[in-house]
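Start from the sequences and build out the full structure, keeping to the hints where you can.
These protein sequence lines map, in sequence, to chains R and H.
Anchor point for the first sequence: position 223 equals 223 in this note's numbering, and the numbering is continuous, going up by one each time.
Anchor point for the second sequence: position 384 equals 384 in this note's numbering, and the numbering is continuous, going up by one each time.
Which copy is meant is left open, so a pair is good if it fits within one copy or across any two.
No more than 20 Å apart at the CA atoms, straight line, and that leaves these computed lysine to aspartate or glutamate pairs for EDC-like:
1. K81 - D231
2. K152 - E99
3. K222 - E99
4. K152 - E171
5. K72 - D460
6. K412 - D284
7. K89 - D231
8. K122 - E99
9. K412 - E268
10. K72 - E361
11. K81 - D235
If you're looking for bench data, these hints aren't it; they were derived computationally from the structure.
Protein chains: 2
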Amino acid sequence: MANATCWTVVLVCVSATCTILFFSSIGGGLLSDVVPQRAFKSSYPKTKRLPPPSDVPPPGPCTCPTGALLLKDAFPAAEYKELMQRRHKELQQHKNRTESVLSTLLYARSNSPLQYPIQGFKVRPMTPTIIPGLALHAAQRSTYTVSLEVSKGVLSTVTPAEGAKVRGNGESRLTVESSSLEALNELLADVSYTSTFYHIHTGDLASFQFEDHEAVFPITIKQPQPPVLYDMGTDINSQVTITTKTFLRYREVNALLRSIREFYKDMEVIIADDSFVTEKITGDHTQHFIMPPAQGWFAGRNLAVSQVTTKYFLWVDDDFQFTKGTNIEEMVKIMETNPELDVLGGKVVENQFPFSIIYEEGDETEGGCMHRKSGGMFHSLPGYPQCSLVSGVVNFFLARTDAAQRVGFDPKLKRIGHSEFFMDGLGSLMVATCGHVSIGHQKGRANNNYGRFRHPGVSDQRFRSQLNFFKNHLKCLLFG
Amino acid sequence: MANATCWTVVLVCVSATCTILFFSSIGGGLLSDVVPQRAFKSSYPKTKRLPPPSDVPPPGPCTCPTGALLLKDAFPAAEYKELMQRRHKELQQHKNRTESVLSTLLYARSNSPLQYPIQGFKVRPMTPTIIPGLALHAAQRSTYTVSLEVSKGVLSTVTPAEGAKVRGNGESRLTVESSSLEALNELLADVSYTSTFYHIHTGDLASFQFEDHEAVFPITIKQPQPPVLYDMGTDINSQVTITTKTFLRYREVNALLRSIREFYKDMEVIIADDSFVTEKITGDHTQHFIMPPAQGWFAGRNLAVSQVTTKYFLWVDDDFQFTKGTNIEEMVKIMETNPELDVLGGKVVENQFPFSIIYEEGDETEGGCMHRKSGGMFHSLPGYPQCSLVSGVVNFFLARTDAAQRVGFDPKLKRIGHSEFFMDGLGSLMVATCGHVSIGHQKGRANNNYGRFRHPGVSDQRFRSQLNFFKNHLKCLLFG
Chain R
1 MANATCWTVV LVCVSATCTI LFFSSIGGGL LSDVVPQRAF KSSYPKTKRL PPPSDVPPPG
61 PCTCPTGALL LKDAFPAAEY KELMQRRHKE LQQHKNRTES VLSTLLYARS NSPLQYPIQG
121 FKVRPMTPTI IPGLALHAAQ RSTYTVSLEV SKGVLSTVTP AEGAKVRGNG ESRLTVESSS
181 LEALNELLAD VSYTSTFYHI HTGDLASFQF EDHEAVFPIT IKQPQPPVLY DMGTDINSQV
241 TITTKTFLRY REVNALLRSI REFYKDMEVI IADDSFVTEK ITGDHTQHFI MPPAQGWFAG
301 RNLAVSQVTT KYFLWVDDDF QFTKGTNIEE MVKIMETNPE LDVLGGKVVE NQFPFSIIYE
361 EGDETEGGCM HRKSGGMFHS LPGYPQCSLV SGVVNFFLAR TDAAQRVGFD PKLKRIGHSE
421 FFMDGLGSLM VATCGHVSIG HQKGRANNNY GRFRHPGVSD QRFRSQLNFF KNHLKCLLFG
Chain H
1 MANATCWTVV LVCVSATCTI LFFSSIGGGL LSDVVPQRAF KSSYPKTKRL PPPSDVPPPG
61 PCTCPTGALL LKDAFPAAEY KELMQRRHKE LQQHKNRTES VLSTLLYARS NSPLQYPIQG
121 FKVRPMTPTI IPGLALHAAQ RSTYTVSLEV SKGVLSTVTP AEGAKVRGNG ESRLTVESSS
181 LEALNELLAD VSYTSTFYHI HTGDLASFQF EDHEAVFPIT IKQPQPPVLY DMGTDINSQV
241 TITTKTFLRY REVNALLRSI REFYKDMEVI IADDSFVTEK ITGDHTQHFI MPPAQGWFAG
301 RNLAVSQVTT KYFLWVDDDF QFTKGTNIEE MVKIMETNPE LDVLGGKVVE NQFPFSIIYE
361 EGDETEGGCM HRKSGGMFHS LPGYPQCSLV SGVVNFFLAR TDAAQRVGFD PKLKRIGHSE
421 FFMDGLGSLM VATCGHVSIG HQKGRANNNY GRFRHPGVSD QRFRSQLNFF KNHLKCLLFG
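Here's what the structure looks like:
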């Protein structure tokens, strides 16, 4: 009974609606769905937040933590202006390289008769690909017309059947018209997109229109990448390489080697050496690389890591000492059970020295604000209460070779630098630290020139500030 | 006049609609927009393609080009099974690391009263962020109830005013209810998302519901990365480093150095040397690195590139010769005007040797199919008709240091390897080649052991096939 009444009312409404459609098309086609929104203005108000923001606002100036170093003070005032121009230009290039329309804010508008993909539609460069899920669901009309428009490619569909029209086949704007909604939707189901330029990773925005409705959706243009995998083989020696850097400390590095061989007889060891007068370092599975004198600390690290052929490498300083606690198998196990991890640190003697990095993007001119904070773990690693996620760790860590090489140890850092690897890697390295793996530290020091070089002077500090200012586009930096 | 009529009709329809709402809410609330879709079933059919595909189908087996090498034949049958298992495990890890819900196919459904962001909503890990543009636009009801649900974080909004209810504040499912649509939309405008786990780059899917409507939209969870920029300074020597690798060919490498100094007196040159018996290579701005004997071709390239501190490096072979055509300034200019480029090759004597790589992802077990094809340029570089986009170039190229280091020269490749750099870099390197920059080739060869080592044996070929099979997860490979 209720149903019957319902159907009559519906019929009334349908015809009513058609009348409205008729009128409002005269009245400039200000047409929403079944009933013009105007009609309901009185019955439900729009929200205050419409229209939604069309894009993410650029970040404003960030606030420097108290006690932070203002990095521009590290430059002579005379150089500053020219330097700022160079930095600004590099930042613009960086943005061109890292941003695309794929990061603009887009919205699905309410009460739209259009259906379209909002995520996951990916095409190879210059390869025709059907756009999935395009459809129109509108109330009855004498004829339906939808159009699609793109800017970095062309659109096409099949030849229409009787009573349907397609305009702009093979062009950047495609219009499909039909008196049958079904025929229209069949043509929409066959619309394909072809990017007209070769690019390894960019995007396009498609505008999908019907009467006064417009939807904009993203198209990801991406050249597929073959995976780059490491064969771990079957034993620990095919999985991990030990890497270190030495300078004027043959006594220490040889003691390190002896301690390694106590526990890992056949593991490959790579030594980067930039001493002034070099001594041969020999032994099975020991690779000694000789650099120009005093090439520097990070240059040596980067060299050693560039020679690793195993999936993981273990970083140790040349005056460390392997102990029973130096359990590489355990570290590999943790990394393998958490494949998202890139770096896993342990304890040096009793110290874990983890740190977190708080980074705030600043405005384009001034730059960002960074605070390197001792401690500050995020939360423990699933399944490993002894391990926590952090931003950076001490000089004893296991790392995925591919991930560490992608970030790199900046060879510009000659005498100081440790946090810099984790600063450059912030956002691209997943880092954790564990309390149940450790390495020892050799007692006593060789009586040589080492100290004179090891301890950074004021000029090194200034150089590092200058580097952070330009390279990481920072305004200020606090080590605390 | 027309308008007046319109308004009367509208009033009719409004009341009619309300009646329908009343009935259909009795009838189980199968309610779409203003009028139940049921009502229109007769008047417009659904398309055949609904519901749209919920996700991208995994790639099927790819087809090997005729004449391609079947890489599994490079292994003893006995090893094959175990090898396949190891490769499969690494592929799964690779997918965990590179894929997330952010690549699943999502659709905006038609005639939904929900408004929501479909792209560009990005949050920092564990940091509350307002979800922009959430709104409901539905016809009048006695009360409105919407809910939002996420899986990797929690949702919250402000304390509701009179007549509005909020359930699940600070939980993963938030329900907002109000008799006023405006009040509801104000609460929606203040809904924020906070991820509960730390991750540098992943995503969540939010489900937004109203009655029988559901919309699913993506949330990008990303730790912001500080940029890593190079200060180019003001002259060519602060912009480019020349890199090469030598082995038993001091005569050639010294001739190369002399030719470099004719044109670039003060440019830094980095030489990686893995000769058996090493001779000193000296000179200003000349850095000589000594590797363990016969460490290999790509190991040397990777070493040299790991030491570069300039934005660009120029790769040359040790038996090349600089000429007037070796115009590094021009190459830098082209790269700077096309910041998306990563590698720019030129001519060696008269040859450009460009190639394109056709790569088809295969199924998970068998792997992909690759065809390295001589020639095959995509299209010319905007503004440079003498330059074209390709997949790979000859041994004379200028590269962005950061981009090349990210891909790396696989040190496993000892005696052969050139295309491998571009195969590993497919999809992450934008490569072009130009006909108007060139380098010479030294005439005559030193009479030494070089040839014996330089020319790969069968074992090297087999090793390379084994590497391609595992590392790039390939089924077959054709060099043509």
